[in-house]
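Participant: One letter stands for each residue in the lines below.
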Amino acid sequence: MKSYILKRVLISVFTLLAITLVLFCLLQLMPGSPFNDEKLTDDQRIVLNEKYGLDQPVLVQFGRYVANLVQGDFGVSYNISKNTPISQLIQTRLPISIQVGGMAVALGAVLGLILGVIAALNHNTWLDSLCTAISVLGVSVPSYVFALALSYTLGFRLKWLPMLYSTNTPFLSSVMPSIALSMFTMASIARFTRNEMMEVLGSEYMLLAESKGINGAPLILRHALRNALIPIITVLAPLIVDLMTGSLVVEKIFSIPGVGSLLVTAIQSNDYNVVIALSFIYSAMYIGIMLVVDLLYGVIDPRIRVTGEGGRMGFFARWRLVLFGRKKVAKV
Amino acid sequence: MENTAKETVLSIRDLSITFKTGAGPVNAIRGVNIDLPRGTTLAVVGESGSGKSVTFKAAMGILASNSVVNSGSIVYNYRHNDGTPATVDILKMKTRDIRRHINGKRIAMIFQDPMTSLDPTMPIGKQIMEGMVWHYKTPKQQAWDKAVRLLTEVGIEEPEKRMRQYPHQLSGGMRQRVVIAIALACDPDVLICDEPTTALDVTIQAKILELIKRIQAERGISVIYITHDLGVVAKVADFVNVMYAGRIVEAGTIDEIFYDPRHPYTWGLLSAMPDLDTEDDRLYTIPGSPPNLLHPVPGDAFAPRNAYALNIDERLDPPLFRISETHYAASWLLDERAPKVEMPPELKARIERMKKEGI
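Protein chains in written order, with my numbering: chain A, 1 to 332; chain D, 1 to 359.
Fair warning: there could be bad hints in the mix.
What the hints assert, rightly or not - Derived CB-CB ranges, DEER-like:
(1) 137(A) - 161(D): 43 to 53 Å
(2) 22(D) - 166(A): 55 to 65 Å
(3) 287(D) - 221(A): 22 to 32 Å
(4) 124(A) - 136(D): 31 to 41 Å
(5) 351(D) - 122(A): 21 to 31 Å
What the hints assert, rightly or not - In silico negatives: residues of chain D with every beta carbon more than 10 Å from chain A:
(6) 26
(7) 121
(8) 168
(9) 173
(10) 206
(11) 344
As the list claims (entries may be wrong) - Away from chain A, derived, C-beta distances all over 12 Å, residues of chain D:
(12) 91
(13) 92
(14) 99
(15) 152
(16) 167
(17) 192
(18) 216
(19) 275
(20) 312
(21) 326
(22) 347
Simulated from the structure, these hints should not be mistaken for lab results. The beta-carbon is built from N, C-alpha and C at its ideal position, and this holds for glycine as well.
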C-alpha cells in the first residue's frame with residue numbers, strides 16, 4: 001500500500017514536470033511577447049527580456065523555473081499585475097473557484113445520486129420518467145442558461161440572493177453559481193446511477209439479501225448503492241476537477257473573481273508565468289484527485305483493493321467497466 | 001397426498017401465476033398443488049421454464065415485479081417460540097411482513113449460482129451475521145460466534161479467517177457453503193434449495209448434497225430441492241414432484257417415481273438419464289420442446305411431445321389420478337377407459353436392473 005502510493009506520487013511528479021515542459025515549448029511557439037505596450041521601444045524590450053531571462057534558451061528557462069518552483073516560487077506576473085508574485089495573485093482567486101466548484105460538486109453528486117436511486121427504484125413509472133427528463137435537460141442545456149435564468153428569477157425578480165459575487169458574503173453569493181454549475185454533474189450522475197442501480201437491483205445477491213429478510217433503506221444502502229457506487233466514482237472524478245478549476249462563463253455572469261477568468265486574460269496577454277502556474281495547479285489537482293479516487297476504489301470495492309504488487313485495476317480497465325458493464329470485466 | 005401421518009409444513013394449493021411481458025401475459029404457473037411434510041425432503045423436478053423456481057419464489061415473496069398471482073394459497077404452518085402452532089397464507093401477507101416474519105427466519109433459500117449470489121462488497125462474516133442482527137438484534141459478538149460455528153458446521157476451515165474475507169477470495173464450492181451458512185443463520189425450519197449444485201463441478205456437487213443432507217438430519221428441517229437433475233433427486237429426496245409447463249404432472253415417493261413411474265413425461269425424464277448399462281449407444285431425449293405459455297394450452301400440455309397421447313389429451317387436461325396414498329399422476333392413460341399402455345421396454349429393463357442393484 002505504502003509503496004503503491006509512493007510510486008504514484010513519483011509518477012505524478014514526473015507527469016507534472018512533463019506538462020510544464022510542454023507548456024514552456026508551446027508558449028515559446030506562440031506569437032507575441034508579454035511586453036506588448038506600444039510605448040516600449042525595441043531596446044527597452046530587449047532589456048526587459050534580459051531582466052526576466054526570456055532571452056535564454058527554453059531549456060535554461062525551464063530549468064530555472066523548476067528550480068524556483070521547488071522553493072514554492074511561481075515567478076511574477078509580466079503584465080496583468082506587474083511584478084506581483086503569482087502565488088499572491090492566485091491566493092485570493094483559487095479559494096473562491098474551489099469553494100464555488102466544491103459546492104457545485106457536492107450538490108450535483110448528492111442530488112444526482114438521489115434522483116438516480118429514485119428513478120431505479122420506481123422503474124417504468126412516472127417518477128422514473130421525471131428523473132430521466134431532468135437528466136436530459138441537465139445534460140443538454142449549457143450552464144450559462146441556468147446561470148442567466150437563476151440570476152433573473154432568484155436574483156433580479158425575487159431578490160433572494162445577490163446577483164453579483166461579493167467577498168463579504170462568500171456563501172450566499174456562491175449559491176446561484178454552484179447551482180448553475182452543478183446541473184451537468186447532477187444530470188450525468190443521475191443517469192449513471194439509475195443504470196447502475198438497475199443492474200445491481202436485478203442481481204442475485206440482492207435476491208439473497210431479500211430472502212434473508214432485509215428490506216427498506218438498509219437493503220438499498222448496504223447492498224445496492226455500495227455496489228452501484230464503484231463505476232459512479234469513475235465518472236465523478238473528472239467532473240470534480242472540471243468544476244473546481246472554475247468556469248469562465250459562469251464566473252463572468254456572476255462576476256466571480258475566480259481563476260477561470262484569470263487564465264483567459266493571461267493567455268490573451270501572453271502572461272507566461274500565470275498560464276504555466278495555473279496549468280500546473282490544475283494538473284496537480286487532477287492528478288491528486290485521481291490518486292484519491294484510486295484509493296477510494298479500494299475502500300469501496302474489495303476486489304480491487306491494493307495488494308502492494310500488481311494485479312489491480314488500472315484506469316483504463318475501470319473505464320472499460322464503466323463502458324461495457326461489469327459482467328464482461330469480471331471475467332478478466 | 002393430504003393428511004399423511006406427518007404434519008404438513010408448506011402446502012401450496014391451486015397456485016396460478018402470470019408474468020406480464022411485452023409479448024403478452026405468460027401463464028407460468030397453472031394450478032400447482034404441492035405439500036411438504038415436516039422433516040422430509042421434497043424434490044421438484046422439471047425442465048427449464050417449467051415454473052419450479054417461480055413457485056418457490058412466490059413462497060419467499062421474491063417474485064419479479066411483473067408477475068401477478070391470479071389465485072391459490074401457500075399455507076405455512078409453524079410454531080411460535082412458545083410452541084403454539086400458527087398458520088399463515090404467505091400469498092395474503094404484505095411483502096414487508098414476509099420479510100419480517102418469514103424470510104430467513106423461517107424459510108430460507110439457497111440460490112443456484114454461488115458466484116453471483118453473495119454481495120461482492122461485504123465480508124463473508126458480515127453477510128452471515130446480517131440476518132441474525134436484523135431479525136433478532138443479536139449482539140455483535142454473539143452473532144460473530146454463531147457465524148463462526150455455522151462456517152465450521154458447513155465444513156469451512158479456518159472460519160475466523162474466512163469471516164473477514166470477501167466472496168472473490170473463496171472458491172465456488174466454498175461460496176456455496178457460505179450461502180448455506182447464511183441460510184441457516186436464523187435457524188429456519190424450511191430450506192429451499194434452487195438448483196444448489198448446478199453451477200458447481202461434480203466432485204463439489206456430491207459434497208454439497210451430503211452437507212445439506214447432514215444438516216437436515218441434524219436439525220430436522222424440511223428441505224425442498226428445485227432441480228432438473230434426477231441424479232440429485234435420487235440421492236436426496238423422500239418425495240418427488242414432477243413439473244411440466246406450470247403444472248405438477250406426477251407426484252409420489254422417491255420409490256414410486258423411480259420404480260413405478262406412470263406419467264409418460266416421467267418415463268421420458270427417466271429414459272433421458274445417462275446410464276452406463278443401457279444397451280443403446282445414444283442418449284434418449286424427449287422429442288420437441290415445452291410449449292410456449294404465452295398462448296393458452298388446450299388439453300394436456302405434454303400431448304404434442306407424447307408418443308402415448310390419446311385423442312382426449314388434445315381437448316381436456318387430465319386431472320390427477322390417484323395411484324396410491326402418496327402417488328398421483330395427471331395422465332389420461334390412468335383412466336379406467338384408457339387402453340393399457342406399458343412404459344417403454346428399455347426403461348422397464350433399466351428399472352429392473354436398478355431394483356436389483358438396489359440403488
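Participant: Confirm or reject each hint.
Facilitator: Going through the hints against the structure:
no.	hint	in the structure
1	137(A) - 161(D): 43 to 53 Å	51 Å, holds
2	22(D) - 166(A): 55 to 65 Å	57 Å, holds
3	287(D) - 221(A): 22 to 32 Å	51 Å, violated
4	124(A) - 136(D): 31 to 41 Å	36 Å, holds
5	351(D) - 122(A): 21 to 31 Å	55 Å, violated
6	26	18 Å, holds
7	121	5 Å, violated
8	168	5 Å, violated
9	173	17 Å, holds
10	206	23 Å, holds
11	344	39 Å, holds
12	91	16 Å, holds
13	92	18 Å, holds
14	99	4 Å, violated
15	152	20 Å, holds
16	167	9 Å, violated
17	192	9 Å, violated
18	216	19 Å, holds
19	275	33 Å, holds
20	312	41 Å, holds
21	326	30 Å, holds
22	347	37 Å, holds
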